[in-house]
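So the protein lines, in turn, are chains Z and A.
Counting along the first sequence from 1, when you hit position 245 you're at 251 in the working numbering, and nothing is skipped either side.
Counting along the second sequence from 1, when you hit position 347 you're at 465 in the working numbering, and nothing is skipped either side.
If you are wondering where the hints come from, they were derived from the structure by calculation, not from laboratory data.
A few of these clues could be false.
What the hints assert, rightly or not - The calculated lysine-lysine pairs, modelled on DSS-like cross-linking and capped at a C-alpha distance of 27 Å, are: (1) Z/K47 / A/K594; (2) A/K532 / Z/K77; (3) Z/K157 / A/K385; (4) A/K532 / A/K385; (5) A/K385 / Z/K77; (6) Z/K77 / Z/K47; (7) A/K532 / A/K594.
Please read all numbers here as calculations on a predicted model, not as lab measurements.
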Amino acid sequence: MVFWIVAAALTFGICLVLLAPLARGRADAADSRAHEIEVYKDQLLEIDRDTARGLISSGEAELARAEIGRKIIRLSDARDAAASMPRSHSLARWIGALAILSLPLVSWGLYAATGSPGYADQPLQARLHSDPSQASVDELIARAEAHLATKPDDARGWDVLAPIYLRLGRYADAATAFANASRLDEPTAARLAGEGEALAAAANGRVTEDALARFEQALALAPDDLRSRYFVALAADQAGNGDEARRMWQDMRADLPEGSPWHGVIAAALESDGADMLSERSEAIEGMVAGLAARLEVNSNDVDGWQQLIRSYMVLDRPQEAQSALERARDALGAGSPEAGHLAAFGLSLGLEVER
Amino acid sequence: MIVEIGHFALVLAFALSLVLSVVPLFGARIGDSRLMGIAEPASLSILALIALSFAALTVAYVQSDFSVANVWENSHSAKPMLYKITGVWGNHEGSMLLWILILAAFAGLVAIFGGNLPATLRANVLAVQGMIAAAFLLFVLASSNPFERINPPPIEGQDLNPILQDIGLAIHPPLLYLGYVGFSICFSFAVAALIEGRIDAAWARWVRPWTLAAWAALTGGIAMGSYWAYYELGWGGYWFWDPVENASFLPWLSGTALLHSAIVMEKRSALKIWTVLLAILTFSLSLLGTFLVRSGVLTSVHAFATDPTRGVFILMILIAFIGGSLALFAFRASSLTAGGIFHPISREGGLVLNNLFLTTAAATVLIGTLWPLLVESVSGEKISVGAPFFNMTFGPLIVPLLLAVPFGPLLAWKRGDLYAASQRLFVAFGLSLAIALATFFIVDRVSALAAFGIAVAFWLVFGAVTDLALKSGIGKVSPSVALRRFIGLPRSVFGTAFAHAGLGLTTLGIVAVSALEVERIAVMQPGDAMDVAGYELRFDGLFPVQGPNFTEEQGRFTYSDRSGRERGEIVSSKRLYTARQMPTTEAGIASRGFSQLYVALGDRAPDGGIVVRAWWKPQVLFIWIGCVAMMLGGAISLLDRRLRVGAPAARRARPARPAIEPAE
């Protein structure tokens, strides 16, 4: 309601402002040529000032005065000729009225099509202090986060939040939350395994060295932690030790109680034949890398492309080719250019040789 | 409610700008002062409404109101307050709103201070401003509405792009837009003159201050952007000939040309038609720049395809304004009277030469910027026109211009004497040559080009000083008279001197850095040290730091000079912004005089060390000090009291002259 009153007041106010000049009596436009003569008179004064300052000699000043004088004379002739300009029009009043009428029509019409007049503001602070039973999961998380922002030492708070993050796919936040809980209270197998799973999920399912270290720590604390055993096996599988992984999963299955949800997971892991997929994928990657290298031969200014190519060679474990790509890039971009320097720093971080 | 009122104000401003673009134009046509009289209150009302709308959006950002889609996409509740506010224009929709706000503010200035303009000219100018505002408001409302709502609102925002969370980028867009949009006034004046079919003297007086203001703001905006790129990207470069940079450089080049041709027009009523054309071209380039950047065409041609409404809209506005104004120019230019005549060797001639070089340079940059786009859209092949192209084309064009600059202010109007001017510049020439030789023999014997570049830089600075000395008569009259004359010189003379000397300082910085810079790259472990141009840089270690919405690894360094004395600390860091999982680099910079020691962290090396890039950048600060001097020159020139024009109706006595006026 308040919104409609404000909107109506705005529209009405603007209409009034526009009405004011229209309601004035008939006043004719001043002759614009008079303005021009005024400018020239100003220039004459300027010449006097410049002469007084010694910027121009009196001879130069005379010339300039004569020139401006000629312009004024020419203008005065034209002024007499242009004196008969068409004056105010009867149409004007109608056009003015139409223009003012168009204001509410256009604005209210357009707003009706694009606006959401009934939708109140939703400032975050107010939302966080509203009734919790009405709140969504997201809002509850936000409240927990706000609580932890003011009391970051609350390990139990992090314990609650961490698995929720993991479920929602906020893997980096989940890893931080698990790590915080371990740091503030003590590292337990559940916390370490949770952190490891979050790290692996953040790396698109790859069990990284960091993640593997967490699982191994967890197993040191609780040797039968199922989650850690599963992921350690997965790490072995990803490292190419398929047989070892198979053996570990089979051992794990033997220990599982009846009806455990892990049965399905392990069955799926044992069935998938990782090796085939891996070779198919690496063929596709080879093709892409070759294509990128060919494109860079033609269009050699592409710094991001070079960076991608060098990184790909390192991932494929072909450091010589990475090295030669780095050198080709340097020649193409010009030794000493900022782009070449950027690539050199990048190469160093991968352990390549760089001329210093 | 506040958000919706902001939305409504925007819609109402659009309706009002439609009225503004039609009614005063018609009033001027039939000579009706009441219809023309609508222009001022309408312009001021549009300004008030847009300001209200902008304030509403700012409130939504400050309160983290994620029911507004634009806030959700570009803000985060943990972001520091400063970046919540700057986030308002750190995105497409918000920055378009800022653009329109500045446009409305300029129109408001014309409405307030335009009392001494002929009534029809004023009505036409404001009407053209109304047309621009209408087009942009329609664009915002139809395809980039910042007030779109989400129901139910998400609980957390997606955060602002981390590289924009920086104080430099908080100031850069508003300054740049002040420049871009400031040229809209020159454009409106040009189009109004074409509509009326004549250019009067008041026109000439009005265009120069607007050009100056826009040019000074644009200079500042570009310099700010370049300094930001220098310290934020961590590459140590200050100018990459990136299409986005070129988009702002193009209007600067043609705006500089406009600035100079406007002087000729104001003082000598010559070059009128050319100035009108330049005004149209400059604003067209500003539009092109805004749109190329905003539409995303420059980063990728495909961004056009992902949002076809936006792209098509942009094209239509460009065609309507650029094509429309150029067509109007073609039809009406012949009806404008050409101005006075002059000898080729004269101040006018010098300014024409300046215009020739600047517009050719602008054309070169334009080709280099648009060519890759053209090739990609026709053949689908991606090519990039890099720095080598611009160095080879832009460089040779700009060096002769720089050499010619000091002659310009020394030539007389209408017919000048090149020989006399050269004689007067003899001292400046000798000093520059001496400095060049000194550089070559003492600092760096390798590069003769560096010595030449430094000579050019000093030639510009000494040339500016010579101009001031000659105009105040130093050496000809007694020192006390000369001092009095010096103080009494018109401010525009100081403005010229500052701007030309600033150009020299910028050249000095660019030449010194490109020729004498030292770069080192190394993998460093804590405790390692390396030598950078005589300074010893020791790496103390990496320290994790938690920021409000980012985590960072700070690399701390200590540096000491040749004598082994410790000079200070440098902190260089790598940040990870958690909401977007986006890394940024924060270069560590220590200034020694006008030179800087610049340290950027790279990635970690396999052996546990970290890659460190360090530069010694001699005299690098002059690049931006020169830009500040140019801006200052513009501001001083803007304050010149001679720009006032008295209105014919009021024949009051002029205010008394200041007492410093000599009594000769």
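Problem set entry | Hints violated by the structure (numbers, ascending) | Numbers 1, 3 - these are the hints that the structure violates, sorted from lowest upward.
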